[in-house]
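Participant: Spelled out, the chains give:
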Amino acid sequence: MTNHSDVAIIGGGPAGQAAALTLDDLKLKTVVIDEQPRAGGQILRQPPRSFQIPAWMEDRTYAPLVKLLRRFEAQTSINWIGSHSVIGLRRRPDGLFTLTLCSPDGLRLVTAARVLIAAGCQDLAVPLPGWTLPGVYSAGGMQALLKAQRIVPGGHIVLAGTHPLQLLIAAQIVEAGGSVAAVLFSQPRGTMLKAGIRNGLRALDQLSAAFPAIRALATLRSHGVKVLYDAPIQAICGTDRVAAAQHPGGEIACDAVGLCYGFVSQSSLPRMMSAKMRKAGPAGGWATLCDEWMQSSIPGLYVAGETTGIAGANAAMASGKIAGFGIAAELGAISQDEAARRVSRHRANHRSLLRFARLLDEIADPRPFFPALRDDTLVCRCEEVALAQIDPVLDGRSANAVKLVTRCGMGLCQGRNCEPTLLRLLDNPNDPGFTARFPARPVAIGDLAT
Amino acid sequence: MRKSDVLIVGGGLIGCATAWYLAREGAKVTLLDSGDFGMGASGQNAGSLHFQLERRFLENGDALAEQAARIAALSRLAISDWSSLEADLATDLHITMNGGLMVAETAEECALLERKITRENAEGLQTRMIDGDEARQIAPYLSEAICAAGYSPDEGHADARLVTHAIAIAAAKDGTVLRPRCRVQSIEKAGRKYVISTAEEQFAASQILIACGAWTAHVAAMLNLHIPLFPVGLLMNATERVAQAVPHLVQHVGRRLSMKQTHSGNLLIGGGWPSRMALDAEGRFALYRPPAVIESSLRDNLRVAIDVAPMIATISLIRSWTGITAISADQLPIVGEIPAMPGCWVAGGGSAFTLGPTFARLIAQSMSGKKREELEIVAPSRFSHLNSFMGQ
Numbered sequence: 036m037t038n039h040s041d042v043a044i045i046g047g048g049p050a051g052q053a054a055a056l057t058l059d060d061l062k063l064k065t066v067v068i069d070e071q072p073r074a075g076g077q078i079l080r081q082p083p084r085s086f087q088i089p090a091w092m093e094d095r096t097y098a099p100l101v102k103l104l105r106r107f108e109a110q111t112s113i114n115w116i117g118s119h120s121v122i123g124l125r126r127r128p129d130g131l132f133t134l135t136l137c138s139p140d141g142l143r144l145v146t147a148a149r150v151l152i153a154a155g156c157q158d159l160a161v162p163l164p165g166w167t168l169p170g171v172y173s174a175g176g177m178q179a180l181l182k183a184q185r186i187v188p189g190g191h192i193v194l195a196g197t198h199p200l201q202l203l204i205a206a207q208i209v210e211a212g213g214s215v216a217a218v219l220f221s222q223p224r225g226t227m228l229k230a231g232i233r234n235g236l237r238a239l240d241q242l243s244a245a246f247p248a249i250r251a252l253a254t255l256r257s258h259g260v261k262v263l264y265d266a267p268i269q270a271i272c273g274t275d276r277v278a279a280a281q282h283p284g285g286e287i288a289c290d291a292v293g294l295c296y297g298f299v300s301q302s303s304l305p306r307m308m309s310a311k312m313r314k315a316g317p318a319g320g321w322a323t324l325c326d327e328w329m330q331s332s333i334p335g336l337y338v339a340g341e342t343t344g345i346a347g348a349n350a351a352m353a354s355g356k357i358a359g360f361g362i363a364a365e366l367g368a369i370s371q372d373e374a375a376r377r378v379s380r381h382r383a384n385h386r387s388l389l390r391f392a393r394l395l396d397e398i399a400d401p402r403p404f405f406p407a408l409r410d411d412t413l414v415c416r417c418e419e420v421a422l423a424q425i426d427p428v429l430d431g432r433s434a435n436a437v438k439l440v441t442r443c444g445m446g447l448c449q450g451r452n453c454e455p456t457l458l459r460l461l462d463n464p465n466d467p468g469f470t471a472r473f474p475a476r477p478v479a480i481g482d483l484a485t
Numbered sequence: 003m004r005k006s007d008v009l010i011v012g013g014g015l016i017g018c019a020t021a022w023y024l025a026r027e028g029a030k031v032t033l034l035d036s037g038d039f040g041m042g043a044s045g046q047n048a049g050s051l052h053f054q055l056e057r058r059f060l061e062n063g064d065a066l067a068e069q070a071a072r073i074a075a076l077s078r079l080a081i082s083d084w085s086s087l088e089a090d091l092a093t094d095l096h097i098t099m100n101g102g103l104m105v106a107e108t109a110e111e112c113a114l115l116e117r118k119i120t121r122e123n124a125e126g127l128q129t130r131m132i133d134g135d136e137a138r139q140i141a142p143y144l145s146e147a148i149c150a151a152g153y154s155p156d157e158g159h160a161d162a163r164l165v166t167h168a169i170a171i172a173a174a175k176d177g178t179v180l181r182p183r184c185r186v187q188s189i190e191k192a193g194r195k196y197v198i199s200t201a202e203e204q205f206a207a208s209q210i211l212i213a214c215g216a217w218t219a220h221v222a223a224m225l226n227l228h229i230p231l232f233p234v235g236l237l238m239n240a241t242e243r244v245a246q247a248v249p250h251l252v253q254h255v256g257r258r259l260s261m262k263q264t265h266s267g268n269l270l271i272g273g274g275w276p277s278r279m280a281l282d283a284e285g286r287f288a289l290y291r292p293p294a295v296i297e298s299s300l301r302d303n304l305r306v307a308i309d310v311a312p313m314i315a316t317i318s319l320i321r322s323w324t325g326i327t328a329i330s331a332d333q334l335p336i337v338g339e340i341p342a343m344p345g346c347w348v349a350g351g352g353s354a355f356t357l358g359p360t361f362a363r364l365i366a367q368s369m370s371g372k373k374r375e376e377l378e379i380v381a382p383s384r385f386s387h388l389n390s391f392m393g394q
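Quick mapping for you: the protein sequence lines, in order, are chains A and B.
The opening position of the first sequence corresponds to residue 36 in our numbering, with each subsequent residue numbered one higher.
The opening position of the second sequence corresponds to residue 3 in our numbering, with each subsequent residue numbered one higher.
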C-alpha cells in the first residue's frame with residue numbers, strides 16, 4: 036500500500052508537531068510517522084490511552100508543549116501513523132522520497148515530495164565498570180518509564196553523570212513516590228557555576244529556563260535527597276544486579292542507577308542519505324547540517340529539532356516552525372516573502388534558545404568526566420565486545436576497521452550506543468564513524484521479501 | 003628509499019597472504035594500502051568457501067562453463083590451503099568446511115546441476131548429485147520445494163572479518179613491512195626496479211604485485227598498463243544472531259543465493275545481487291563511497307533465501323551492506339606476471355576469497371622462480387593485446 040503526501044515528517048515530538056501544524060494550516064497534505072503509538076516525542080511521552088492519570092505533566096515548564104500537543108492531536112487533517120519505524124529512506128530520480136515503514140503488522144511504503152526528519156535524540160550511552168548489570172538505566176529511560184508507564188524503576192535510585200537534567204528526573208521520581216538515594220554530579224559545583232556565569236550573560240533572556248533545575252533542587256532538599264558534586268561515579272557494584280554506586284567518597288547502596296551524561300541526535304536516517312553531518316556537542320554524536328530554512332545538503336530533505344543538534348524541546352518547536360514555512364514556500368503554498376516575514380520571530384526565538392543550549396552544553400560537558408574503563412568493561416553491549424578486545428586494534432584504524440575486526444557496532448542497535456565511545460577511544464577528529472546501513476531498525480526478513 | 007625484494011600494493015587477502023608466504027621464505031616484503039588492511043572486498047565479502055562451479059559461469063553459455071571448469075584444479079588446491087590455514091597461523095578464523103549444497107527447484111535446474119557435476123567430476127572435484135530428500139536429510143532447514151542439490155563435502159565458510167587481519171599480523175611477524183593508510187602516488191620503472199612514491203616515503207623492489215581489487219585498474223594505470231578489471235557493487239545481508247541451524251554453505255544453481263551462518267550466529271545472505279555504485283564529480287564510479295542498496299535486489303535476494311529455507315522469514319534483518327569487488331572482462335580471475343612488464347604481477351577479479359590463499363601461495367612460489375602451471379588458466383597474457391600500445 037502506498038500513500039502519497041506533500042510532506043512526510045519523521046518524528047511526532049515538538050519539532051514534528053510544530054512543522055505539521057504549520058504545513059496543515061497552509062493546506063499541504065502532511066503525514067507524521069512515529070515509533071510511539073501516540074504523539075509527544077520523548078519530552079511528552081504519553082501513557083497508553085487506557086491509563087487514567089490525573090495531573091499528567093502539569094508542571095508549568097511543560098505547558099507550551101502540552102498546548103502544542105493537544106492542538107496537534109485535535110487536527111484530524113494531519114495523517115498520524117503511530118507505532119511505525121522508518122527503516123529506510125530514499126530519494127528517487129524524480130526527486131520524490133520513498134519511506135519504508137515497519138511495524139509488527141509488516142511493511143508499508145509512503146511517498147512524499149518533501150521529508151522532514153525530526154527524529155529526536157537518545158541518551159548518550161556511557162560505559163563504566165558494572166554498567167551492564169540489571170538495574171542500570173539511562174536517566175532518560177527512567178524518565179520515559181515514569182512519564183508513559185507510571186513506573187518508578189527501583190526502590191532506591193542513584194542518578195549519576197554530568198547533566199543537570201538528572202536533578203529534574205530525581206525530583207520527578209520523588210514526587211511520584213520513589214526514593215532517590217543520591218544525585219551524583221561528576222563535576223565540582225564551582226565548575227558548573229563558573230560555566231553558568233561565564234555563559235549566562237550570553238543567554239540572559241533564557242535564564243528562566245534554569246528555574247526548573249532550581250525548583251528541582253528545592254524539591255530534593257525537602258525530601259532529604261543528597262546532591263553531591265565532585266563525586267564522579269566510578270563503578271556500579273553488584274553480582275546479579277545493582278547493589279551500590281561507587282564514587283571517590285565511598286559507596287552508596289541502591290538497587291537502580293540512572294546515568295545522565297547528555298544526549299546524542301538520532302542520525303541514522305540522514306547518514307543513510309549521505310547528508311552532510313557535523314560533530315555535535317560535547318556529548319558526541321552527529322548533527323545534520325542545514326541551511327536557514329532547515330534544509331539539509333540533500334535537496335528536499337529537511338531536518339529540525341534535536342536532529343540538528345541537542346537544544347531542547349522549545350528550540351525544537353521553533354525549528355519545526357521554520358522548517359514548516361521553508362517547505363511550504365518551496366512547495367509554493369506560501370510566498371517566499373511571506374514565509375520570511377512569518378518565520379522572523381521564530382528565528383529570533385530559536386537563536387536565543389540555541390544560546391541557552393550552548394550554556395547547558397558547557398555546564399554539562401561530560402568530556403573531562405567519562406569514567407575509566409577496565410579491560411573487561413563492555414564497550415559494545417550488543418556484541419559483547421570489551422575494551423581489552425578493542426584497545427589493541429585502535430592503532431590509527433578507522434571506526435569501520437575496528438568494527439570489522441572486533442564486531443564492535445555490528446549488533447542490533449547498529450552501533451548507535453557504542454559509536455560515541457569508540458570515537459572517543461580512537462580520538463581522530465576526522466573519523467566519520469560507522470557507515471550507516473539499511474535498515475535503521477531490525478525488520479523481519481519475511482516482511483522485506485514481499 | 004626503502005628497498006625490498008617485493009612491493010605489494012593492496013592489503014587485501016591476496017596481498018597480505020602473498021606477503022606472508024614470501025616473508026616465511028625469507029624475502030623482504032613491503033605491503034601498502036591506502037586504507038586499513040582487509041577493508042575492501044576481502045573484509046566485506048560474506049566468507050563463502052565455494053568449490054562447486056559458480057552459477058555465474060553457468061548462466062552465460064557452455065563455452066564459458068567449459069573454460070571455467072578448468073578452475074577446478076585451483077579449487078582442489080584451495081581446499082587443502084583452507085584446511086591447513088588455521089593451523090599454519092595458529093589462529094581461530096572460524097573456518098568450517100561442513101559441506102555445501104547447491105540446490106535446484108525445477109527440472110531445468112536439475113538438468114543444469116547434472117551437467118555441472120559431470121564437468122566437475124571430470125576435473126577431479128568430489129561433488130555429487132543428491133535428491134531433495136537426501137538434501138533435507140543433510141540440511142533439514144531446506145524447503146520441500148528443493149528437488150535436488152549438488153553436494154560438495156569440502157565447502158563451507160570462513161570469517162572474512164578475521165582472515166586478512168590475521169594473515170597481515172603473521173606477515174608482519176615474519177618481517178613484512180606494513181604500511182596501512184599510505185596511498186601510492188606514483189609507480190615508476192627505473193631500469194629493473196620498480197619505485198613507488200607515497201606522500202612520505204619511496205620504496206623500491208625488483209618485483210611488484212598489484213592486488214587492489216576494484217582499484218587495480220587505477221594502480222596499473224600508474225605504469226601505463228590496462229588491466230581489464232571492473233568494479234562491481236554487491237549486496238550482502240546479515241540477520242540477528244540465532245541458534246546454530248545452518249552448518250553448510252547453501253547456494254542455488256538457478257537463482258542468486260549464498261547463505262551461511264557465522265560463528266556468532268548471524269545468517270549471512272548474499273549471492274551476487276547488484277547494488278548501485280555512487281558516481282564522483284566527473285561521473286566515474288566512486289570507489290571510496292559505499293554503493294546504495296537497490297530495493298529489488300534486496301527483496302529478491304531475501305525471497306530466494308526464504309524459498310530455500312522457509313524458517314528465515316521470521317528472523318530479523320539487522321544490516322544490509324554493500325561492498326565493491328572486481329570482475330574481469332571474461333569473468334575469470336587475472337593472476338600472474340604481465341608479459342609486457344617483467345617483474346610486475348597482478349592478482350584479482352572474482353572468487354578471490356575462496357581462491358585468495360591459493361593465488362597468493364602460487365604467486366609467491368612463481369616470484370621465487372618456481373613457476374606454477376596451475377596459474378596458466380588465469381594468466382594475464384590472455385589480455386596482452388590490450389597492452390600492445392601501452393607500457394613504458
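It should be emphasised that the hints constitute simulated quantities derived from the structure, not laboratory data.
One should not assume that every hint holds.
[Stated by the list, open to error] Which residues of chain A face chain B? A few of them, derived with a C-beta cut under 10 Å, are:
hint	residue
1	Gln330
2	Ile333
3	Pro334
4	Glu418
5	Leu422
6	Gln424
7	Val428
8	Asp430
9	Asn435
10	Gln449
11	Thr470
12	Arg472
13	Val478
[What the hints assert, rightly or not] Cβ-Cβ distance ranges computed for the label pairs, FRET-style:
hint	chain 1	residue 1	chain 2	residue 2	range
14	B	Gln69	A	Leu429	43 to 49 Å
15	B	Met313	A	Lys314	28 to 34 Å
16	B	Met3	A	Pro464	31 to 37 Å
17	B	Met3	A	Leu228	45 to 51 Å
18	B	Val244	A	Ile88	37 to 43 Å
19	B	Arg72	A	Pro169	43 to 49 Å
20	B	Gly101	A	Arg126	42 to 48 Å
21	A	Pro128	B	Glu110	51 to 57 Å
[Said to hold, decoys possible] Below, a sample of chain B positions facing chain A; criterion: calculated Cβ distance under 10 Å:
hint	residue
22	Asp38
23	Gly45
24	Ser188
25	Lys191
26	Thr241
27	Ala245
28	Gln246
29	Val248
30	Phe287
31	Leu289
32	Leu304
33	Ile308
34	Ser318
35	Thr324
Cβ coordinates follow ideal geometry from the N, Cα and C atoms, glycine included.
Participant: Each hint: holds or not?
Facilitator: Checked hints:
Taken as an interface hint, glutamine 330 (chain A) does not check out: its beta carbon lies about 21 Å from the nearest beta carbon of chain B, beyond 10 Å. The closest approach between the C-beta of isoleucine 333 (chain A) and any C-beta of chain B is roughly 13 Å, which is over the 10 Å cut-off, so the hint fails. About 16 Å separates the beta-carbon of proline 334 (chain A) from the nearest beta-carbon of chain B, more than 10 Å, and the hint is not met. Taking 10 Å as the C-beta contact cut-off toward chain B, the hint placing glutamate 418 (chain A) at the interface holds, the least distance being around 8 Å.
For the restraint placing leucine 422 (chain A) at the interface with chain B, the shortest Cβ-Cβ distance is roughly 19 Å, beyond the 10 Å limit, so the hint is violated. Proximity of glutamine 424 (chain A) to chain B is violated relative to the hint, the smallest CB-CB distance being about 12 Å (cut-off 10 Å). With 10 Å as the threshold, the beta carbon of valine 428 (chain A) comes within range of chain B, its nearest partner Cβ sitting at about 8 Å, so the hint holds. A distance limit of 10 Å between C-beta atoms decides the matter here; for aspartate 430 (chain A) the minimum to chain B is near 9 Å, and the interface restraint holds.
With a least beta-carbon distance of about 7 Å to chain B, the hint placing asparagine 435 (chain A) at the interface is held under the 10 Å criterion. Given hint, glutamine 449 (chain A) at the interface with chain B, holds; its Cβ is 7 Å from that chain's nearest Cβ, closer than 10 Å. This hint holds: threonine 470 (chain A) has a C-beta 5 Å from the nearest C-beta of chain B, less than the 10 Å allowed. Taking 10 Å as the C-beta contact cut-off toward chain B, the hint placing arginine 472 (chain A) at the interface holds, the least distance being around 5 Å.
Among the interface hints, the one on valine 478 (chain A) holds; its C-beta lies about 6 Å from the nearest C-beta in chain B, closer than the 10 Å criterion. Separation of glutamine 69 (chain B) from leucine 429 (chain A) is about 46 Å and conforms to the stated range, judged on CB atoms against 43 to 49 Å. For the pair methionine 313 (chain B) and lysine 314 (chain A), the beta carbons lie near 43 Å from each other, so the given range of 28 to 34 Å is not met. The hinted window of 31 to 37 Å between methionine 3 (chain B) and proline 464 (chain A) holds, with their beta carbons roughly 33 Å apart.
Roughly 60 Å separates the CB atoms of methionine 3 (chain B) and leucine 228 (chain A), a value that falls outside the hinted 45 to 51 Å. Between valine 244 (chain B) and isoleucine 88 (chain A) the CB atoms are about 39 Å apart, so this pair conforms to the stated range of 37 to 43 Å. Hint check: arginine 72 (chain B) to proline 169 (chain A), Cβ distance near 59 Å, so the stated range 43 to 49 Å is violated. Checking the proposed 42 to 48 Å range against glycine 101 (chain B) and arginine 126 (chain A) shows it holds: the Cβ atoms sit about 44 Å from each other.
Separated by about 36 Å at the C-beta atoms, proline 128 (chain A) and glutamate 110 (chain B) break the suggested range of 51 to 57 Å. A least Cβ separation of about 4 Å between aspartate 38 (chain B) and chain A falls short of the 10 Å threshold, and the interface hint therefore holds. Against a cut-off of 10 Å between C-beta atoms, the interface hint on glycine 45 (chain B) holds, since the closest Cβ of chain A lies about 5 Å away. About 24 Å separates the beta-carbon of serine 188 (chain B) from the nearest beta-carbon of chain A, more than 10 Å, and the hint is not met.
Interface hint status for lysine 191 (chain B): violated, as the beta-carbon distance to the closest one in chain A is roughly 31 Å, over 10 Å. A cut of 10 Å between beta carbons decides the hint on threonine 241 (chain B): the least distance to chain A is about 7 Å, and the hint holds. For alanine 245 (chain B), the shortest C-beta to C-beta distance to chain A is roughly 16 Å, which exceeds 10 Å, and the interface hint is violated. Here the hint on glutamine 246 (chain B) is broken, as its CB sits about 17 Å from the closest CB of chain A, past 10 Å.
Checking valine 248 (chain B) against chain A by beta carbon gives a least distance of about 13 Å; that is not within 10 Å, so the hint is violated. The interface hint given for phenylalanine 287 (chain B) is broken, as the beta carbon of that residue sits about 16 Å from the closest beta carbon of chain A, more than 10 Å. Annotation: leucine 289 (chain B) was flagged as interfacial toward chain A, and the flag is violated, the nearest CB pair being 14 Å apart, outside 10 Å. The beta carbon of leucine 304 (chain B) is positioned within 10 Å of a beta carbon in chain A (closest approach about 4 Å), and the interface hint is therefore held.
Checking isoleucine 308 (chain B) against chain A: minimum C-beta separation of about 5 Å stays under 10 Å; hint holds. Because the smallest distance between the Cβ of serine 318 (chain B) and any Cβ of chain A comes to about 4 Å, under 10 Å, the interface hint for this residue holds. Hint on threonine 324 (chain B) holds. Least Cβ distance to chain A is approximately 8 Å, under the 10 Å limit.
When each numbered hint is compared with the structure, violations occur for hints 1, 2, 3, 5, 6, 15, 17, 19, 21, 24, 25, 27, 28, 29, 30 and 31.
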